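So the protein sequences, as listed, match chains Y and G. Numbering-wise (the numbering used here), the first sequence opens with residue 9 and increments by one. Numbering-wise (the numbering used here), the second sequence opens with residue 3 and increments by one.
FYI, nobody ran anything at the bench for these hints, they're computed from the structure. A quick note: this is a predicted structure, and the numbers were derived from the prediction, not measured. Beta carbons: idealized from backbone N, C-alpha and C, even for Gly. Possibly wrong hints are sitting among the right ones.
To be verified - Some chain G residues well away from chain Y (every beta-carbon gap over 12 Å; in silico):
(1) T38
(2) T47
(3) G48
(4) Q50
(5) L103
(6) T116
(7) D137
(8) F154
(9) G172
(10) Y245
(11) V306
(12) I310
(13) I317
(14) I326
As the list claims (entries may be wrong) - Selected chain Y positions facing chain G (Cβ under 8 Å, derived; list incomplete):
(15) M117
(16) S127
(17) G298
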Amino acid sequence: MTPLIPMAGKPLLSINDMSIVFTSPDEPDIEAVRQVDLTLTPGKTLALVGESGCGKSVTARAVLRLLDKNADIRTGEIVYEAEGGAVDVVRLKPDSLAMRAIRGAQISMIFQEPMSSLSPVHTIGNQIDEIIVLHERLTQKQARERTVSLLDQVGIPGARERANAYPFELSGGLRQRAMIAMALACTPKLLIADEPTTALDVTTQAQILDLLRQLQDDFGMAMLFITHDLGVVAEVADDIAVMYLGDVVEQGDVFEVFKAPKHPYTQALMSSVPRLQRKSERTRLTPIKGTVPSPKDRPVGCAFTSRCPHAFAPCPTIRPERTPVSEGHVARCHLLTHTKEEALA
Amino acid sequence: MVQFIIRRLIAMILTLFAISIVAFAIIQLPPGDYLTTYIASLSSTGEQVDPRVIANLRSQYGLGEPFYVQYFKWIGGILTGNFGQSFEWKRPVTELIWGRLGNSMLLEGMAVITMWLIALPIGIYAAVRKYSLGDYLATVGGFIGLAVPNFFFALILMYLAYTWFGVTLGGLFSPGFENARWSLPRIWDFLSHAWAPILVLSMAGTAELIRILRANLLDELKKPYVVTARAKGLPEWRVILKYPVRLAMNPLVSTIGWLLPALVSGSVIVSVVLNLPTAGPMLLRSLTTQDMYLAGAIILLLSVLTVIGTVISDILLALIDPRIRYGGK
């Protein structure tokens, strides 16, 4: 496999001002994702971080148009730089030929639960062959050869025999490796990993992360990595985007954001990560007070208002703008645009 | 896999043995035996029966002997292909039942196939287009199919066929073909008679199958592996047919086995109404006259068919579901 040298800087996929609404016949609409702007570049990993239910997975699935029928992308665009020119994925029909040509071939996805995300009654090989035959017009036999070499590449021992194994015959780690092999089968330009290590134990987790990093070097693909584990972020990400209740509140270079988080939510997240310390030096963790409000009760202004220790006058009513903090680091917080005196007043 | 089949076969033989005992016990349950019924019917017409003739008959059939002696006499005969003599028909049971059982199996087998052919596409459609007009129609139709008794449906069908087309439904063959050998015209004659009973017999089952398939498929459609298949870029219909439908079918395959007995017992009244030469009416008659060897043979053979059907559906299930084949989770 020759590594594809990415053209640095040119975005592969950009999500601009996207909002996603879930409709229901007997309840008011719920805006799961309010305003998301993300940019993915070849060879780089963007980690999308946030609590459960903040809209991370919904955002990721929107890129492949895999959302349920009751989800509606109300505003915004998802521009994918395909070989033949830019495509706005939002304009494509979910089951259209154009969308299906992107799925699996250009953009592919790894899911959280390697057990339930693979069909229990089809062999691993069958499930991987299928995607190769579909997109690459190879014969069944050639596809199987490719499958075996992929399984080998993701570190599954005895790949040729394992191709005939069923998912329940493999361990969780091997299953996730098979899932990764499937996602990489057609050398996609973008890999979306939706909490790929959450269901695995810590040792396996580390192995899978190493594997993903190494494969990214080999294939040169962009990666959108969804997680709620800041330790995982530190290990894999180049950039980070922090989501809270459907809003991206802060994003930028991972070191920059980790070193100097600007949004109170990001700051609170950082201070709630336990550190290894001597017993005498240990202090209690400072959890974020309160609980996440339901999207129905979300303030019109900044979503974090109800839990923010610094909340002041404009917060509940006015949505903060994207404010550049430094090179490539932006946050949405009124504290950045208002002076301290105003905040304290 | 071979081990699996062998285990199943051993279990099958043990089950059959148990069934034969139960079947024989049930035949023996009503007080008296064929001869008491026989004497009663004779004396009701005013005829006198010589007690010595009765005693002779009794010892000839072993009717006075204890249960287990009678049982071993009976089962020993069956193992050598002798099902005994029908008291009522005065002919060997073997001569009487094969044609009837053959008709039953043919009709019910075709009813099962019809059920699946109709229920599969409708069930899949109803699940995939949940709450659409088609789904509601399938639901309403399904409930009607479940609620209307089969024999009543048969009567309606007979009435409609007679008033609209002047055709009398009933029987399986035209008089000329009744005892003829199988040939193309006879098959045609059979099919032109059999469509009505097949339709009637498969109706309730079809309705049930649609409901179960829809429910199973709705569960499976929510599973993450469906999203995975979509994320591969497969067209929607291939996603649905290859993955969730395949898994939704598994529990249905295991029901093939017990569809048979349900059909047989359900078909008795239909067979009477439609005047079908199947095993059901003969079983009913032999039970009321305490014609025990005939009744025993029919019950036993139906049980054997059921058990074999179950074994076949088990093996089918193991073939399509590797989790069962390998004894996995």
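Results for each hint:
1. T38: The claim holds: T38 (chain G) sits with its nearest Cβ about 58 Å from chain Y, beyond 12 Å.
2. T47: holds, 66 Å
3. G48: holds, 70 Å
4. Q50: Check passes; 71 Å lies beyond 12 Å.
5. L103: About 36 Å separates L103 (chain G) from the closest Cβ of chain Y, which puts it past 12 Å; holds.
6. T116: holds, 27 Å
7. D137: Non-interface label on D137 (chain G) holds, nearest chain Y Cβ at 14 Å vs cutoff 12 Å.
8. F154: Fine: 38 Å to the nearest Cβ keeps F154 (chain G) off the interface.
9. G172: holds, 45 Å
10. Y245: Given a closest Cβ separation of 5 Å, the condition is violated.
11. V306: holds, 31 Å
12. I310: holds, 25 Å
13. I317: Per Cβ check, I317 (chain G) is outside 12 Å of chain Y; nearest 16 Å; holds.
14. I326: violated, 10 Å
15. M117: holds, 5 Å
16. S127: holds, 5 Å
17. G298: violated, 31 Å
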